[in-house]
Every structure is written in C-alpha cells, then in structure tokens.
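Participant: Sequence:
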Amino acid sequence: MDEVSLRANEEIEAMAMQVDNDPLGLLTERIEVIERAPFVAEVLNRKEGDKNIEMEVSDKTPFVANVLNEEEKEENKSKESDNENGSVSIEDSEGEEEEWQEKRLAELEVDKEMRDAKNWQTTPEGLIYIIVQIQQLQSIATKKAKKRMNWPVFMSIPNDLILGDHKPTIGDEIRVTKFTWRPGYEELVMENEANKNSRPWIHVGFINAQAVATEIDISHAIHVGRSTGVILEVNRRNNKGRENQVKSISVIAHGMRVNQKLPQCQLNNKNVFRVGQVVQLHTVMLTRPNEWKVSPQWVLPLECPFGSPTERKAHQPIVAMGIKNDNINYNFPPRSSNSMDDLEQTELVIAAAITACADRVETEIQRFTIISRLEVLPGAGPVGTANVRVSHIVERKEDLVDMTKLWREDQPIHLRLAAPDTKHCGTGYTINTERQEGEVGFVLVSHLFLAFQEARNYDAWEDWERIMSGSQAELEPLQSQKTLLQRARKFAMGEFTELARGQSGLGIIMSILLAQRTEKSDPRGTWEELFVAHNPVLNNLVGDQRRTAQLMLDAQPRVVFMQAPPGTGKTKASADIIAAYLREHPEGRALVIAPLNVAVAKAVEEMARTMERTGWREDMIALFSGSGKQKYAQDLERIGDHLLASAISAPQLFESLDDQQKNVVNRYVKACEVSPRTANEGKVAQLLLSKEKRRIIFCTLALAEQIGGIFDETTMLVCDEGGQAPFSQLLSALTNFPKLNKLLIAGDRRQLSVHLAEFPEAVRNGLGLDTIIWNLDQAPGVDTTTLETNYRSHPQLTECIQAGAYAAHGERLTSGRTLIEMDRLTGLTPIKLPFRNSPLVLIHQTDPMLQDPTSFSATNPEMTRTVTDFLTTLRPRFTGSVRVICFYAGQAKELGVALANMEMEDVIVNTADGCQGHEADLAIVVTTKAGLASQDGSGAFWNDERRVNVALSRGRFGMVIIGDFKMLWTAGGIWRRFLRCALKKTVAVTPDYIEAMVDNNAEYDNNILVGTNGTVKASNFYDEWKDEEDYQYQQQQQPSTSQDNNQWRPTATEQPRGGGRGGGPIRLCHRCKQPGHIIRDCPENNAPAKRQRNTWNRSGRWN
1 MDEVSLRANE EIEAMAMQVD NDPLGLLTER IEVIERAPFV AEVLNRKEGD KNIEMEVSDK
61 TPFVANVLNE EEKEENKSKE SDNENGSVSI EDSEGEEEEW QEKRLAELEV DKEMRDAKNW
121 QTTPEGLIYI IVQIQQLQSI ATKKAKKRMN WPVFMSIPND LILGDHKPTI GDEIRVTKFT
181 WRPGYEELVM ENEANKNSRP WIHVGFINAQ AVATEIDISH AIHVGRSTGV ILEVNRRNNK
241 GRENQVKSIS VIAHGMRVNQ KLPQCQLNNK NVFRVGQVVQ LHTVMLTRPN EWKVSPQWVL
301 PLECPFGSPT ERKAHQPIVA MGIKNDNINY NFPPRSSNSM DDLEQTELVI AAAITACADR
361 VETEIQRFTI ISRLEVLPGA GPVGTANVRV SHIVERKEDL VDMTKLWRED QPIHLRLAAP
421 DTKHCGTGYT INTERQEGEV GFVLVSHLFL AFQEARNYDA WEDWERIMSG SQAELEPLQS
481 QKTLLQRARK FAMGEFTELA RGQSGLGIIM SILLAQRTEK SDPRGTWEEL FVAHNPVLNN
541 LVGDQRRTAQ LMLDAQPRVV FMQAPPGTGK TKASADIIAA YLREHPEGRA LVIAPLNVAV
601 AKAVEEMART MERTGWREDM IALFSGSGKQ KYAQDLERIG DHLLASAISA PQLFESLDDQ
661 QKNVVNRYVK ACEVSPRTAN EGKVAQLLLS KEKRRIIFCT LALAEQIGGI FDETTMLVCD
721 EGGQAPFSQL LSALTNFPKL NKLLIAGDRR QLSVHLAEFP EAVRNGLGLD TIIWNLDQAP
781 GVDTTTLETN YRSHPQLTEC IQAGAYAAHG ERLTSGRTLI EMDRLTGLTP IKLPFRNSPL
841 VLIHQTDPML QDPTSFSATN PEMTRTVTDF LTTLRPRFTG SVRVICFYAG QAKELGVALA
901 NMEMEDVIVN TADGCQGHEA DLAIVVTTKA GLASQDGSGA FWNDERRVNV ALSRGRFGMV
961 IIGDFKMLWT AGGIWRRFLR CALKKTVAVT PDYIEAMVDN NAEYDNNILV GTNGTVKASN
1021 FYDEWKDEED YQYQQQQQPS TSQDNNQWRP TATEQPRGGG RGGGPIRLCH RCKQPGHIIR
1081 DCPENNAPAK RQRNTWNRSG RWN
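116 is the number that UniProt numbering gives to position 116 of the sequence shown; each next residue is one higher, with no gaps.
Simulated from the structure, these hints should not be mistaken for lab results. These numbers come from a predicted model, not from an experiment. Be aware that a few hints might be false.
[Unchecked claim] Below 25 Å or equal to it, Euclidean Cα-Cα: the simulated DSS-like pairs (lysine-lysine) are:
| hint | residue 1 | residue 2 |
| --- | --- | --- |
| 1 | Lys167 | Lys178 |
| 2 | Lys832 | Lys984 |
| 3 | Lys146 | Lys313 |
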C-alpha cells in the first residue's frame, strides 16, 4: 500500500496547482488515483524470444550534442526567399521528409490491420498519455507519469480512434487501454546514439511512436483559446506536381516560449499565407503538468526522458494549434480612424512581434554557445581572472558571419564546466574576435577576459580550476530578453490604450502618439513675449527653433516633433528650451534620452554650454551603461564632472551615506575605473536620487526603459536622434513617467533609422519595431516643426547635401555659414584643391574590390592606398579632426590597421552605420565598390538614401569622396542627385591629384588644378560621362586643358593595367618622385619604426 500512496501523492502534487472547471470531477479523479492499484502490462513477445520490454526512466533530461539531425539542418540551409509571397522553399530535405511521411502513412495502414486482427495488449484501467505532437492522420502522446515502466514512452493515437467532433489537440489527456507495439521501435535512443540496431526517438522533426493505441477514451480535453500572432516563415513544397503548395508555417504570439511550426494538417488545407501576415491562432495553455520542455515542433513534459538541448523550459506554456482566422484587420502606424478596439488589436500584434525578437535572441544564444577547451594566455593577473583564447570551427560562411555578430567586441560571456548539472563559475567579455579560413570551413578565434563568479550552494571554484587546467568549458553569450519580454507584456496587457483613455498629461501624450487626439492649438502668447520672459536663454534661437520653444513652453500637454537635418542645431535648441522650462518651473524635472551613447554625451555638452552662456546653473547627471562607459570613454571624458561616479563621490553627499551605502558606492567607483561593464548604474543612481533631487538627467533610451522608474518625477522628456528610437521601445519607456506633460522628439526622417537586421525579417516592417518618426508623421495631433539651416558644414557641402537628400522630397536645407567662416580647408590649409576654393575632392577610382573570404564584406586595397597617401600628404598641413567613413566593414578594418601602423591615432575610422551623431573637420568617404556595369545598383546598401546621407553630412570644412563615380552615377538615386550638384562645383580627379595638391609648380587653369604631369581631371570619367545638360554645363564652366584636347585617353575598360591608378599616368612616390613604391615604403623615409597594432579601440578605430 506504501507504493500506491507514493504514486498517488505524486499525481496529486502534479494536479495541486491546476484549475478545473469541474471541481467535483477533479475530486473524483483524485479519489480514483488513490484507490488505483499498481498495474504491470503484459506485452507482445519479440520475434527473438519472450522478453518483457522495459524502459528505464531517468530523472535527468539527457544531453544531446546536435539538436537537428542532418536532414533537418539541410532543410534549414536551403531556405530561399519567394519574391512573390515572401515564402521559403524547401528542397534538400523535402524528399526525405516526405518519404518518411509516406512511409509512416503506409505503416499506419499496417497498424490498422494489426488492430483489426486484435493483436493488441489490454488492461482495464489503462494509462494516461498526453498528446505532445500532431502529425498527419495521427497524434503522438507520451506517458504522463512514471508508471508502468514497461509501457511505451511514445504512443501513436490514430485520428480515427477519436470519435465525435473533437480534434486531437496538444495537451489532451488520453486514457489508453489497448495498444500494439511497433516492430523495431520498441526501444528508442537519443539522436546521437542511433545506429543500425536502434531507432532515434525523433526523425526530421517527427517523434517516432513505439506503439499504436487500439482502444482509448479522452480523459481530459484541453481548452482551446485564441491568440493574435504573426507568421514568421512559410515553407512551400518544390517538388514536381505540388509546386508552391504550403507544407508548413512558423508562427508566434505573445506568451509563446518559442515559435511554433504548424504542418499542413493543422492549417485547414489553406494554401494562401505570407511572411509577416497577422493571423489569429488556436492556442492552448498547458497546465497538466505545469512544467514543460518546448520546441518549434513538439512539447514534452519536463520529466520526459527524451529531449534535445535546445528545448526551452517553460511554466504553463502557450502552444499554437492552428489558424483560426487569417483575415485580421490590422494597419500600422495607428490612424485617427482606428477605434480603441483596433488599437488593442494593434497592441497584440506588436506584442507578438516583440516576442519574436526575444525568441530570435534566445535562438542565437543557443545556436552559438561554444563548448571548447580554453587556451589560457600568459601574463599574471589578479587571482580568479584570466585572459584566454578560444577557437571554434564553423562550416558555413553564413554561420560564421552570424556568429561574429553575437561574439562581437564587449559581448558579455557566462562560463561553466561542460558537464551535466554544473552552474556558472565565471563571467567575462570578449576583447576582440577574428575570422579565419580553416582547412575545413572557417575558424572563429575570440580573445576573452574571464573572472571567477561564485554560485550559491555550489563549489564553483573547483569547476573554475578544472577549466583553467584544460577541461572543456561552455561559453554562453549573454543577451537578456527580460526587457523585451516586459515590453511585450505591456502591449499584450493593453497598457497604452488604457493610458490613452485618461486625461492626465501622460494620457494625452499617449493618445496623440496613438493618433486618437487630432486637435491642435497654437501656443498662447507671441514669440516676442516668450523672448522677453526667458531672456537671455532663448536669445540664439532662430526660425522653427523658436516655434519649437513656443510649443514646449506653454501649459498644454504636447508631443512636438522637430524635424532636424544634420547640423541644424537640434541639440542646442533642445538644451535652451530645457533651461527655459526649468527656470520657469521650479518643480519641473527634465529627462534627456537618446538611443545612442554619443548623442547623450553631446546633449550634456550642449547643456553645459547653455549654462555657461546664460549664467544659469543646475546640477545635472548623466547615466551610461557599463559597456557604454568603456566604449565611449573619450566622449565621456569631456563630461566627467556630470557623470554618476563624480556626483556620488562628492564629499558632502558621501558623508551622508551609511556604511552599507558607502560600500556600494566604493565598489561602483572602483568598477568604473577598473571594469566599467560591472558597474551597477541603476542601483547607484537610485541611491543618489534618494538623497538629492536632480532636476535634469541624461541617459540612453534603453536605460530609461529599464530603470526609468527612478525618474518618475519627470515632467518634460526630450528624445534626441528620434530616427533611431523604436516606436515600441519609446512607448514602453513613457509608462515610467506618470507626471509627464511635454514630449519633444528631435530627429531626421532622412537619416538612419532603427537597426533591424538582427530581428526576424517577418517583423521588421509595420509592426512597431521601426522608428517612432513614421508614427509621428501619421498622427494628426503631433505638433511638427522643421529646421532648415545647416550650421555645421561649408556652404558648398550643404548645397550638395540638400540636392542629394532633401530636395527630392520637397524639403529645404540652407547654409547658415559664410565662406569666410568655413575656409579652414579652402583658405588656411597650404594645399591646392582640384577646383579653386571648392572644399569638395572627388577622387575617381575604378580599381576592383576584393571579397573578404571570411565574410560578405569587401575591401579595395587601391582605395586604401589612396586614403593613406592622401593623409600622409595632408596631415602635416591640416591639424583639424579627420574621420574616414566606409560603406564596407571590411574596408574600415583594413584602413584602420593601415592608419594605426602609420601612427595616425587621431584619425577615426567608422562605417557609415556607425557615424551618425559624429562630425569631423574633414570627412573622407570611401565607397569601395567599383566597376558596376549592367547590374542595377538602385537597391544596393551603398545607395541607401539614409545611409548615404549620413556619410555625406559629417564634414564641417571639407569632404573627400573616393569611388567609381560612373558606377555611382549609373546607380541613380541619392548618389546621382549629389554628384549632379557636386560636379558643378568641382571636378572629378584621379588619385594622382595627391601629388599635385602640394606641388609648388602646380597652377590653376580656368580654376582647375594642373600639375607637372598635366591636368588632375579624371579623363577616363569625363570620356564616358555624357549626361545631357550636366555634361554640357561642365564643358562650359570647366574647359579642358590643352593636354586634354590633344592627348588621347583610353576609356576605363580600355585602360592598360600597367598605367596609373584610376586611369591616370604612372604614379610617383610623393617623397622621392620615383615610381614603383609609395611614400610609406620610400627608401628616403626616415620616420621612426612603426608600432604594430591590431585591435579596434572603443572609439571605433584601430590601435
């Protein structure tokens, strides 16, 4: 009787937390459990003898090295985009998968014959099984409890056994009273243990049943609900006769632990689906038992002896069962015509999209967790720390590139011993990562810093020592999904529509952002009255900066969008408005946020200038994440007095803390100096604000969302660089500010938007993950102002930027500077420019680029040479800041190494995507790509309008562009518009211009520079560039020299390879004037030995 009681208690514990609609039925079931006696089933004899089949059940889930078998891996490899419907075709493994399905259907017919022949095993009580996978014509169920050990773990439940209208559903409990064994499947093993004599428990994603039920009844039918979801993937057949037929779709909804793959049998025979489609799903919540292991194709109770390492543990998970409605009325951004019900539907869709992002993050972590032995590098360090190197072989370049994105510089890492039931024993981060070609595939080599980490109730030090002694370690990249999941929950719970129904300042702001409030009113009072009231704070505002101030300084709750092209003074205007607001409202609190750390740092600098100019003072504090403090150390040095570490260390404040608080502060300050990543910014900021009320705070948007609760007194919020602020993230952050009354968003719709490449493609567009600006443009209640005067760049640069990026959209950008103000390059630098007094240098170069063998990026060694030659010649004569901007990451890496070796540490190298928010006295733009002939370049990333606009708008006094201008012109779009304007102000030149720009004998002929070897004009460009009136204009304004008229020049395609680069004459060394080498390799070069550097520093350059 003890065994009976034990088993009864186990089942009662499993049901203790369940909620049942029939309490009496549940009580009856529990009584039946207690009265039930142990039962051992008789089994069919094997052919080789009379042996009872027994299954040994372990308390631990076995570890499997590979989640997907090779067939399923090949299936994933062969996914190709379908341009028409965004679907994916499966080719490589489809034959094997369908062959397996057809074979299984044939086996089901045999199983049916066996049932008809009554070749079965029976028992009156039966055993409860739970359906864990739906297959065609059958469901697969697993035992609910550790009972009757010799019964099969996996049971096939044929659909024809389930009578009535009920469809088999995951989570259904089935009482099996009769079953037959499947010959050859009696014993199943893990995938990595399978051989000719044993079957794996799963094959191409389908669970193998050990037996087939012949008599059942439904013990508990699970309740089927509904959820709003998104289709992430559509897999279509590609075999003859069934082309384009949907085979399966992958879906996700809020609350799902992992995306779910629904086969055709769960799609009601529908065949019209597309990636990104919003659908209503049939879903179930699994509560019997509470704890599960879930994967895209199956679920298993946590105690099931089978599984794979990529399954995720889940408490009462939600699982998709099919499509309820594929015609959901959904639109985004929200419009004024939407009802609140429509908006609540929108919130559910956004919640699903954010859940998909969290799912992708966890998938990538599982995919790229490394198990390897560590190479401990020499060098003494503190006890419990180590610098190590780890190498990992990757077969496919695509996987190598994806892995490098996760194993990037500063990526936090968790460490543990690669053995069952171990805990983390260390933490650290990547210092740098390199990609290499291997004998087979590729090798990712990462240099890591690791530190020992204690674990509760566990001897972690022993594991640490074993790892350091050569035992295998598991290295897991850390990327928290907590913030994403909290954001998704806010949308799923309808927090934003609920706020929008209120009449508080935050409620009005939320209703404006959701396009529910359409009325707008002009601010009270005139600009003159405001000017006098806030003198001298607003004295320097002009144009729509003044209009922005009027809107932000009245009493009405508002959302103001300040459209601000580069250099138009949005950060300065914001600082002046905040100062005026805080002076007028003693109880007011202002928070300035931005998606980028560099933008936050610049906002602090601008506010400090405003205080210095006006004489008004207010203590302010700037918060940065740990990685941000280290990556942007140089930017933060300029605002050191306003950092949290400085504020919390002030003697008067420090002495007011108790001993425990002082210890927290001391650890924080030390961490900021030694290991910024470990500094707990939120905890110490909360401590500071509990002692002192700071009226103006700066932080990133991410921090505002994560720790924004400590800023709950905020009444004015300014979001800088709003183009990179996601709609969903900004709304989530706003819920932390219940007293908010004013929201100013400053940004430029023509510059870079939110980086979405790491999110699933299905949710990148139209689901709330992109920039807030698209919503502001659609919300009629938003007050919009537009800044049109550029104060950053030389007037000629501004005019070209206007022509390239803004004029095509009916927008204006004018210069606020004079030629004399901006003559640092044109008048004060002792060089000769291609066209007299023009700060534009266009170096035409058609040398081919080289593909990086370990990535999909590329380099152009000859363009690298041109940059280094140009800077070698220019740098002694130009002391301003220089930034090199590349469209290819490979080019940036190559140039960074080259410039570091030349000891040009003050020249910063960035990609175009990494330079928004930065500026320089001279910008050098390197396009890398060359030789595009017939291929359409209009959709190329190097011709993306926002990316190009950012690259071209960083320079103050001058800009150098190195590229194939014929190719750029042919690509059209922003490059053609820019060049059309630029070629009216300067001439395209060959790289040999570099010699002429410091040649004392070089002279101007009709304003065009002519060197010792002739004109610097790129004749190979002008010979082929015959663009209608633009070409005629060039001929009239910039007549050719006599050499151009008399000397024949071949076209770019005819140019001999032995000639000069870019189509000009043979190049000479700039120092000794001899051919065959460059200045860096000149025999007369007596420069000191160069130091070798090979790492990229945290300011985005190599050192």
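Participant: Next step is simple, just say for each hint if it's right about the structure.
Facilitator: Okay, the hints, checked on the actual structure:
{"no.": "1", "hint": "Lys167 with Lys178", "verdict": "20 Å, holds"}
{"no.": "2", "hint": "Lys832 with Lys984", "verdict": "18 Å, holds"}
{"no.": "3", "hint": "Lys146 with Lys313", "verdict": "19 Å, holds"}
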